[in-house]
Amino acid sequence: MSNHHENIATAHDHHDHGGMDKKGIWRVFFILLALTALEFLIALGFVHHWGILQKGILVNVIYIALTLVKAFYIVAYFMHLKFEKSGFIVCVSIGFIFIVYFIVLMLIEGDYLLYHLQEHPLFPNN
Amino acid sequence: MSTTTVSQLDKVKDGPWSGGKSPWNLEYGKIMMWFFLVSDAFTFSAFLIYYGAQKFAQPTWIDADKIFQSIPGIAESGQPLVFVGIMTFILIMSSVTMVLAVDAGHRNRKDEVVKWMLWTILGGLAFVGCQAIEWTHLHHQGFWFGRNPATGLEGDAVAEALAPYFTKDISYTAALQFSNLFFTITGFHGFHVSIGILLNVIVLSMTLNNTFERRGTYLMVEKVGLYWHFVDLVWVFVFTFFYLI
Numbered sequence: 001m002s003n004h005h006e007n008i009a010t011a012h013d014h015h016d017h018g019g020m021d022k023k024g025i026w027r028v029f030f031i032l033l034a035l036t037a038l039e040f041l042i043a044l045g046f047v048h049h050w051g052i053l054q055k056g057i058l059v060n061v062i063y064i065a066l067t068l069v070k071a072f073y074i075v076a077y078f079m080h081l082k083f084e085k086s087g088f089i090v091c092v093s094i095g096f097i098f099i100v101y102f103i104v105l106m107l108i109e110g111d112y113l114l115y116h117l118q119e120h121p122l123f124p125n126n
Numbered sequence: 001m002s003t004t005t006v007s008q009l010d011k012v013k014d015g016p017w018s019g020g021k022s023p024w025n026l027e028y029g030k031i032m033m034w035f036f037l038v039s040d041a042f043t044f045s046a047f048l049i050y051y052g053a054q055k056f057a058q059p060t061w062i063d064a065d066k067i068f069q070s071i072p073g074i075a076e077s078g079q080p081l082v083f084v085g086i087m088t089f090i091l092i093m094s095s096v097t098m099v100l101a102v103d104a105g106h107r108n109r110k111d112e113v114v115k116w117m118l119w120t121i122l123g124g125l126a127f128v129g130c131q132a133i134e135w136t137h138l139h140h141q142g143f144w145f146g147r148n149p150a151t152g153l154e155g156d157a158v159a160e161a162l163a164p165y166f167t168k169d170i171s172y173t174a175a176l177q178f179s180n181l182f183f184t185i186t187g188f189h190g191f192h193v194s195i196g197i198l199l200n201v202i203v204l205s206m207t208l209n210n211t212f213e214r215r216g217t218y219l220m221v222e223k224v225g226l227y228w229h230f231v232d233l234v235w236v237f238v239f240t241f242f243y244l245i
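Line by line, the protein sequences are chains A and B. The first sequence maps to residues 1 to 126 in the working numbering. The second sequence maps to residues 1 to 245 in the working numbering.
For reference, chain B alone in the conformation it holds in the complex:
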């Protein structure tokens, strides 16, 4: 009788949360990276939700097809979405090379990790470069933090300066809010991409220094990989809310 009771008690203590083992089976740093990304997702959500609230509060809004319609070096106007399509493709591609680097890390293949990390960094640099071109283009048109093409103008000149960017009614406030939020949100995202490139370079140099080979695990590649995919994830939402809707 007593022996069966004891064995039942032992069985109860066998679960993942009974101590003695890692219940999530994840390394500490990886869990912390996840929690950081959750908090960062809240920040980006707040930005994008504010953008939505502003859009709802204004009777009219900038037409994305009209403001983003150039391909640098190819077409000055008339090509909506093409350039941002290239940017989106670059970022998805660099996300794939990052997973391939993580996969190579699982197999402890240093040469492959180096190769895929290099491609990822290259993709990140290309994306930030494209964003710099996009910012420059809009800045030349007169958009900037706290400024739109009609800033400083008076009378009919205001509507005239803003007319190319609206399909329906023209609103100075809407153009201003669009300008502020576009530069804030894509700027915050571009800042994340830049930090991601920096982290990737650090992890690449650690790989080249055989740091992970000595440790016996390429977990650090997975951790910066999580961050890199998160940046891609945010872009998916920024792309939808700024360029499509």
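Just chain A, with the same shape it has in the complex:
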């Protein structure tokens, strides 16, 4: 078992740290910080204070896109997934196809409830 550990540890050192030295870590940090700052600029600046943009589908799509980019940087660099074997990357990420399907299903369901439950006042909505 300890032998196995050593094998992994030494094999790790050979192809590891692809771009994740201290400089790389801080680079990813500043990317995450900049993306978060951009979200705040849109939410506080453009929407809340200046009123250039309205709350709605457009800003929501921007927020979700920025969130997914942040998620990519965290998973790929901080969690080191980008530097693992491709078989492993596929193995942990393929299941999320079902999550995409689940999102589509549940939002369609929610939309259905909006138009069909409101007609029949089963719940006290007001």
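For the record, the hints were derived by calculation from the structure and aren't laboratory data. There are no misleading hints in this set.
Derived DSS-like pairs: lysine-lysine, alpha-carbon spacing no greater than 27 Å straight-line:
| # | chain 1 | residue 1 | chain 2 | residue 2 |
| --- | --- | --- | --- | --- |
| 1 | B | K66 | B | K55 |
| 2 | B | K66 | A | K55 |
| 3 | B | K30 | B | K110 |
| 4 | A | K85 | A | K22 |
| 5 | A | K85 | A | K23 |
| 6 | A | K82 | B | K21 |
| 7 | B | K30 | B | K115 |
| 8 | A | K85 | B | K21 |
| 9 | B | K168 | A | K55 |
| 10 | A | K85 | B | K223 |
Using the hints, position chain B against chain A.
Same frame as chain A, now just chain B:
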């Protein structure tokens, strides 16, 4: 002729999955941590997707700018997003100190691992503290599991109690669903952060006990690091869906 055939067969058996080597080149515990995190991601996805479905099913929803607008100790109202911005910054920062601890572990530098783990734990505690303040604030306003500020009121008082939190139409059900889901999802996330702090403390004490130095590898730091980054990842999504949208 026969010799070339044999050598070709040997070549076929040279791949990563032909046995004799670790095809993913990852240690068992690390793979299991990844698989746990994938399953945990499904749980959080289910929570957040349900939140989205509820939002779609209601004709109106709580306005995040109106419900989260205090900075504890500084401003009671009128400052949307600032406090949660501080919380987000704390969590990203503690994620960075965690990567730095993992990096120090790769170089077998015990003193650096201890230093960065301490910063990570401090960041985690600060985040949980901020969340406790946020929960207390909302609880004082009347939000809680199964309760919103208008619970127990009747007639016009319902709309009056809920008016400060809505921009468009006012809905008792929407406020109730928001309240339930906010406390459930941020509570589940806060529970994960608390477990993460506990794991970090355990790994820190193992580092101080020279356990990893004797083992010759700081892989355990990497494993709790994966968990810690996952908690940060979940917060990125919670932040977007509860505070921005």
